[in-house]
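*Asks:* What follows is each chain in one-letter form.
Protein chains: 2
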Amino acid sequence: MPILVVGSVALDTVETPFTKQENVLGGAASYFATAASLYDRVNLVGIVGSDFPREHLDFWRSRSVNLAGLQIHEGKTFHWHGRYHMDMNTRDTLDTQLGVFGDFHPVVPEEYTQSPLVFLANIQPELQLEVLRQMPKARLTVLDSMELWINIARPQLTEVMKQVDILLISEEEVRQYTNQASILTGVKHFFELGLKYVVVKLGSYGALLFGADGTYFSAPAYPLEEIADPTGAGDSFGGGFLGYLSTVDPEANGRYTADDLKRAVVHGNILGSFACSKFGIDGLVSITLADIAARYNELVRYSHFDPTWSATRV
Amino acid sequence: MPILVVGSVALDTVETPFTKQENVLGGAASYFATAASLYDRVNLVGIVGSDFPREHLDFWRSRSVNLAGLQIHEGKTFHWHGRYHMDMNTRDTLDTQLGVFGDFHPVVPEEYTQSPLVFLANIQPELQLEVLRQMPKARLTVLDSMELWINIARPQLTEVMKQVDILLISEEEVRQYTNQASILTGVKHFFELGLKYVVVKLGSYGALLFGADGTYFSAPAYPLEEIADPTGAGDSFGGGFLGYLSTVDPEANGRYTADDLKRAVVHGNILGSFACSKFGIDGLVSITLADIAARYNELVRYSHFDPTWSATRV
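Protein chains in written order, with the UniProt record's numbering: chain H, 1 to 314; chain R, 1 to 314.
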């Protein structure tokens, strides 16, 4: 079941305490598409410059990523330069060059409009709205955002939230958007906007799933001894989340069950862990569904416990 | 199966952003004993001054806490004064008055020496060693510590670690003691000292159980909308952990299984959540095993997911 994604495609310079690489494939849509294409066909909407290496396009085509919606304009590809601190949890953005991304307006090709699943990766909320207007038949819409848009485009971001089904958001962003210290109190604000589910990403602590229907689920993180590069972990989470849902038949009314969404969050954590384990997108390139299944089974073992304890045994 | 605990018994002044209370019952052994006594008999070793209110002794007696090892000396009870920041995760110690605790040496009454389970709550490592020497027949010994002893009594703390079975430690303390950014790498140091299990407490993110045998378990936190007072959450975790184990029959060789320990960690999180939900020990006073069982069942629902997903379904 094809998944449409709109977001940035970039050439990044990434510095960690251990290494530095220039002009590596980056951008939210790149990580999402690479992760989600392990499960199903991905329809990519984005823009790159004339400097974008052909090898990346060939790689995506080999993974059934449809590039009909990837505009190639004369000029430079979006470039991000970031440096991670020793703890690998915090980073500084040293430079951002918009290049051709500065004038980008997403155009959804006719052949994409049947995609039942839509992922609005982290770009300007106005552009996310442009995509939603071109996808009136989408069955499930998922929004990812970041701190920047909460700060400089809050009204537009709020409008997108009102129009989508599921929000992926970090713990810090929940606090920032809702002004609530308690995540459990904060997420209620999103349900007032009409969202059906909110997934709160906790980084190395896993993720929480909240449903407007009262669903609550705490998904364990996949334990990693070393983090090679956290770039794109959240976008890869999105790729695992929607990639998994693309393999599920929804109920007759087109809805996914809470159990479907729980599994999707686990897949999100798994794809996020693969993304972090190598530099750039490398952690997502050589894996297969069997590798994902192996980590899924590990997470079952790592997080399930005897469900039958009761006070009567004392 | 009785549990021996040694640790501080205090009269605290606690300030949160919302309230301030003076001379409330506090101290690591107090929280532990109050939590663990919900499950089984607790043998308390500690010291208080002549100012210690008789009502607290009566309360503990009503909960089958044996006070034969609680010394009552002329003078002042240990006093701690702390203030929590707005986020409730960090706090400042404004004052500490050792009082009679300054000359404390634990004396284990003869009737306690048959306790198979021993909890060394957060006190000077030298005093923890004094208790271990008096408990040669203990079946399971559990150590809790804190930042202070890592800083000022590291060799003595290391000696205690070498002599016990299980270590309870916070994430920050693992980093501080091992100088490793990665928790997974850090805990290996403890196994080299001979520990059988290490429980890493993650606060509002739950807890991780590591076994020298390769056991790994991620226990979900019980979700709380509001934190009234985090004081004693770690000690209450210990009380739930050992309290639960006191109800379990070990294997013929006296060992507990990894499944026993997983359930124990879940109980630890539950008792920690009850401790945080009200001021001081109040959250532990009025609950019953049925309340604990209810949260246990909730946590099963909140954290278990379909174990059967495999790549063949795609």
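Derived from the structure by calculation, the hints contain no laboratory data.
Cβ coordinates follow ideal geometry from the N, Cα and C atoms, glycine included.
Any given hint might turn out to be false.
Between beta-carbon pairs, the in silico distance windows are [what the hints assert, rightly or not]:
1. 212(R) x 21(H): 53 to 61 angstroms
2. 158(H) x 176(R): 29 to 37 angstroms
3. 185(H) x 94(R): 26 to 34 angstroms
4. 41(R) x 181(H): 57 to 65 angstroms
5. 19(R) x 89(H): 29 to 37 angstroms
Within a straight-line C-alpha distance of at most 25 angstroms, the following computed DSS-like cross-link-like pairs (lysine-lysine) qualify [stated by the list, open to error]:
6. 188(R) x 162(R)
7. 76(R) x 20(R)
8. 162(H) x 196(H)
9. 188(R) x 188(H)
10. 137(R) x 162(R)
11. 278(H) x 76(R)
Incomplete in silico selection of chain R near chain H, CB under 8 angstroms [as the list claims (entries may be wrong)]:
12. 213
13. 218
14. 255
15. 256
16. 257
17. 304
18. 307
*Asks:* A separate judgement is required for each hint: does it hold in the structure or not?
*Replies:* Hints versus structure:
The hint said 53 to 61 angstroms for the Cβ distance between residue 212(R) and residue 21(H), and at roughly 38 angstroms that hint is violated. A beta carbon spacing of about 42 angstroms between residue 158(H) and residue 176(R) contradicts the range 29 to 37 angstroms that was offered as a hint. Range check, residue 185(H) to residue 94(R): about 29 angstroms between beta-carbon atoms, so the 26 to 34 angstroms window is met. Checked against the hint of 57 to 65 angstroms, the C-beta distance between residue 41(R) and residue 181(H) comes to roughly 39 angstroms, which is inconsistent with it.
Hint check: residue 19(R) to residue 89(H), Cβ distance near 33 angstroms, so the stated range 29 to 37 angstroms holds. Proximity of residue 188(R) to residue 162(R) is assessed by CA-CA distance (about 14 angstroms); at most 25 angstroms being required, the pair is judged to hold. With a C-alpha separation of about 21 angstroms, the suggested pair residue 76(R) and residue 20(R) falls inside the 25 angstroms cut-off, and the hint holds. Annotation: proposed proximity of residue 162(H) to residue 196(H) holds, straight-line Cα distance about 10 angstroms (limit 25 angstroms).
In summary, the hint linking residue 188(R) to residue 188(H) is not supported, as the alpha carbons are separated by about 41 angstroms, beyond the 25 angstroms threshold. Annotation: proposed proximity of residue 137(R) to residue 162(R) holds, straight-line Cα distance about 16 angstroms (limit 25 angstroms). Between residue 278(H) and residue 76(R) the alpha-carbon distance is near 58 angstroms, which puts this suggested pair outside the 25 angstroms criterion. A hinted interface residue such as residue 213(R) counts as satisfied when its beta carbon comes closer than 8 angstroms to some beta carbon of chain H; here the least separation is about 14 angstroms, so the hint is violated.
With a least beta-carbon distance of about 4 angstroms to chain H, the hint placing residue 218(R) at the interface is held under the 8 angstroms criterion. The interface hint given for residue 255(R) is violated, since its Cβ lies 17 angstroms from the closest Cβ of chain H, which is over the 8 angstroms cut-off. Interface hint status for residue 256(R): violated, as the beta-carbon distance to the closest one in chain H is roughly 13 angstroms, over 8 angstroms. At a threshold of 8 angstroms, the smallest CB-CB gap from residue 257(R) to chain H is about 10 angstroms, leaving the interface hint violated.
Here the hint on residue 304(R) is kept, as its CB sits about 5 angstroms from the closest CB of chain H, short of 8 angstroms. Against a cut-off of 8 angstroms between C-beta atoms, the interface hint on residue 307(R) holds, since the closest Cβ of chain H lies about 4 angstroms away.
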